[in-house]
Amino acid sequence: MTMGRFFGVVMALSLVAGTIAPARAERLVVALSNHRVLINSSFTGVDLVLFGSVEHEGVVRRRGYDLVATVTGPRADMVTRRKERVLGVWVNVESRTFFQAPAYLAVLSNRPLAAIVGSDMLSRLALGLAQTPLPNDGPEPQGSDPYRTAFLDINRAHGLYRELPDAVAFLTADLFRAAITLPANVPVGTYDVDVKLFADGLLLAQQRTALETAKVGFEQFVASAAREHGVLYGVATVMLAILTGWFGAVVFRRDFN
Amino acid sequence: MEIYLPIAELPVNVFLMFAMGIAVGFISGMFGIGGGFLMTPLLIFIGISPAVAVASVASHIAASSCSGVIAYWRRRALDFALALMLLGGGLIGTMVGVWLFSVLRSLGQLDLMIGLSYVTLLGVVGGLMIIESVRAIARARSGRPAEIRRPGSHTWIHGLPFKVRFKQSKIYVSAIPLWVIGFSVGFIGAIMGIGGGFLLVPALIYIMRVPTAVVVGTSMILTLVTMGAATIMHAATNHLVDVVLALILMVGGVIGAQFGARAGQKIRGEQLRLLLGILVMLVGLRFAFELILRPSNLFSVRPLETWQ
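Protein chains in written order, with the working numbering: chain A, 9 to 265; chain B, 8 to 315.
The shape of chain B in the complex, shown without the other chains (with noise of 0.2 Å):
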């Protein structure tokens, strides 16, 4: 059943789209990313302009999180004050990095820029969790206990001033770091127009030692506002958001993200971060190849001043 869509101007079947939001809303729920960096390239790939891709994906991102913060909630696998903090960080990331977009927008080249930054980070992110995960699960194999939490494994950073408790986290740590973080998340998460929540899941639980079950749900806060603030900016500023695409993903990621919480409680800590460091690694690999190959077509065809 193929469907009009009012902003993006093409025709998409609904059945595609569903599944596809069932797809990545599995993967957001059970790894407590938005999926963004997943939902954008395949939007792109089936034809939809890249600017109305990430403006409608924002949206789309905001309910597969509200969905599993509810569902994380419950099981009360959540540290709101955690997420208060980040929150502080990442919204002016958030701003900083709107307005950086903008001016490399105007200078040209912004798709090789988010090109670039898809596969150092992915690549670097999902390296390190494939082997984290990877000497984790041997450390079980061996008999020796899986948990990394040792007192000895304490770093510098826990060594910073303005250190604040959380209870739900079973953390005592600075307020410095956690700023850093959530900037950062914001700051390269709307560079490269994504939520930003496979970066701000690894940061937590090897830099901060957040639990990993907490982590997931926390990080779903900070997900759920910096894409609820990001679709009412795009709305505003650039009309792209299509609120009938959004729809559609939504409620696929809806569903999907509520299999995909009870799959991740399922799966153990280590098990999961292999997964993530592996689905992390795989894009990074595609942008690669992306810009590696000779592409099929030397030119493209653009309308003038619009996203790349």
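One chain only, chain A, in its complex shape (with noise of 0.2 Å):
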């Protein structure tokens, strides 16, 4: 066991400095099936899927490949608040803002992180929601920080983080497939797809690829005019609401009386 891990500590190393051994034969290939997600009036959430291949070159690995990909919203500033009782009432007592942290983020893989890689190298390469660097305002925490404790979860809760462990699926040894699921509350941006290839504990290869929401048609048309032209926009809204308002009174006049 120890002796296990202190070869993981020093392929780690080597990996981190760079002299990866010249037998990195594996080569990742890796494609969404969209990389454009159109959110129009009838958006209700989204399912993509990544695929790809191993490309090994005649290396054997006994155990098979292990696959690993994240998906990272776009980020934001985003501040967590604590209540405490005061004189009877719950008040926001504290807060903690969280900078620039993604408003999705996706760890799909296709078994247990824990059992992919050594926890040494999960924190070296920031592998799933619990290893992810969250940089905040507070104070370094000693153990377990509850305001991130609270924020995975609150995220978790409403969808946008999750952590997967049977979403990667290995169709052949060397051909899988990963189901990506945006719920309909997702942020409009750029998603960052990583993609990483392990075997035996050791990180082999990794690819990038990306996808990106956008509003389209009258949605679009919508959030534009009420960025660009608000003032315009919000007269539009009063007159549409006047004449709904004379409209009803119109139309219902009859049985008035």
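These are calculated hints, taken from the structure and not from any lab test.
Errors might be hidden in some of the hints.
[What the hints assert, rightly or not] Subject to a maximum C-alpha distance of 25 Å in a straight line, what follows is the list of computed SDA-like cross-link-like pairs (lysine to any residue):
no., chain 1, residue 1, chain 2, residue 2
1, A, 223, B, 170
2, A, 223, B, 254
3, A, 91, B, 302
4, A, 91, B, 303
5, B, 170, B, 88
6, B, 170, B, 149
[As the list claims (entries may be wrong)] Some chain B residues judged to face chain A by a derived CB distance under 7 Å, without partners named:
no., residue
7, 18
8, 309
9, 310
Heads up, the beta-carbon is just placed ideally off N, CA and C, and yes, glycines get one too.
Hey, can you piece these two chains together into the complex? The hints should help.
The following block contains the structure:
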């Protein structure tokens, strides 16, 4: 156990130092079923497929390959607040700002991360929700940070953060597919997809791709009108309100008396 | 049927939103209130961000009040002169309120402030209305006239200068309390993100002794103008008015308001006041429980620098 761990550390260090063994024969080829997710009025979330293959040029891994895909959504500053009872009333007393936290984060793998690589390697590669760096304005945490835990839990509950150890499936020894689910409440923007290939606890290859979510048609028209012509948009909304109100009064006039 | 809202950035069920519009519209037409104090918490409850909810509800209230104004205007149950006088103070109050709102927002704790003002205002107003209307109903039951406009009931307010006669309302009162009431309603409404009709209606009835039948339509004129202005202000500054959401709520609200206005004409004034008092009290209690009960999660996550 300790020997294996020691070996893993040595290998990881050599990886970080860039002294990767020349026998790195594997190459990753990945593709997404769709690089541009269009959000129109009937958008209720979308399922994408990430698929690809391992080009191994004759190298044989007895225990097969492992794959971890990390999808990182657009980033934004987020505040986590904590309530406390003050004079019988629950009040937000403290807050923690997480700087440029991803609005969406999915870690997909073919088996639990802990079974794929050692914990040293996990934290070095920042793989998995638990290892994701979330820079914030709080003090250096001793042990577990309740703000960080709450931040992850709340995002998980909203379906925006997910860690799925069975989302990647190997169809053959070197052909894989993974399901990426974007819920309806995903923010608009660019999503980075980072795919890492492992075997025997070692990182063999890495590949990146990206996808984009964008509003189209009417949704896009409304969103850009609201942003670029605020006053006009407001006046138009009020006109719509007056028209609707007047129309309702006219339609119902006959029944009124 | 789900539809994606372009500004709120999430899908909602059209029929659910429509039903909410009708229900709140019915109540607003019946009592002559905007219904913002009901609709905004409802929207937040189904997952729409408070900022978008407050901004979009303003236009929904404007539509409901517009159709209400037309309905009451047909029955000549409006006092335009009185509404104009109230609007003077109301618009100034709204502007001051919006300014203080942004100050409070930058200091944090805005949600606590809103929660406390909801509890205090709704509790006091609802309680007073319930007590008064129960007394009026008891008086009517015991055979005495239910009309509370007795000659001896004039207070010091009726002794103030700058008196104006309002023919439609059959009152002869000073302009000073009207400007003060308009200002207060506009100010409180802007801070709490509501139309303020539920404050204006009792203020006009109990302080100014305006007849109940005229009060409802008149207060709707004020609501229409202030909420229209609020919509434009929100659209110009925050860009958070969701026109799709607003339209669904508006259509439902307008239909509901028509039926509500009819129902309101059929119910006796003191019973109407009792019902509104109970409704206001219930919403106030809901906010009180929210402040007092231990929340299921002590933590909350919000994007930085938006509404609470």
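Original post:
Does the interface hint hold: is residue 310 (chain B) within less than 7 Å of chain A, judged Cβ to Cβ?
Top reply: With a closest approach of 6 Å, the residue 310 (chain B) hint holds.
Subject >> Hinted pair residue 91 (chain A) and residue 302 (chain B), Cα distance within 25 Å >> reply: Given that 25 Å is the threshold and the Cα spacing comes to 8 Å, the pair holds.
**OP:** With a cut-off of 7 Å on the beta carbons, see whether residue 309 (chain B) makes it to chain A.
**Re:** 5 Å, holds
**OP:** For the pair supplied as a hint, residue 170 (chain B) and residue 149 (chain B), confirm whether the alpha-carbon distance does not exceed 25 Å.
**Re:** 36 Å, violated
Original post:
Does residue 18 (chain B) pass the interface hint, meaning its C-beta sits closer than 7 Å to a C-beta of chain A?
Top reply: 5 Å, holds
**OP:** For the pair supplied as a hint, residue 223 (chain A) and residue 170 (chain B), confirm whether the alpha-carbon distance does not exceed 25 Å.
**Re:** This hinted pair is violated, its Cα atoms lying about 57 Å apart.
Subject >> Restraint check for residue 223 (chain A) with residue 254 (chain B), where alpha carbons must lie at most 25 Å apart >> reply: 19 Å, holds
Subject >> Distance restraint between residue 170 (chain B) and residue 88 (chain B), which requires alpha-carbon spacing of 25 Å or less >> reply: 13 Å, holds
Subject >> Restraint check for residue 91 (chain A) with residue 303 (chain B), where alpha carbons must lie at most 25 Å apart >> reply: With Cα atoms ~11 Å apart, residue 91 (chain A) and residue 303 (chain B) stay inside 25 Å; holds.
Hint compliance for this structure: hints 1 and 6 are broken, all remaining hints hold.
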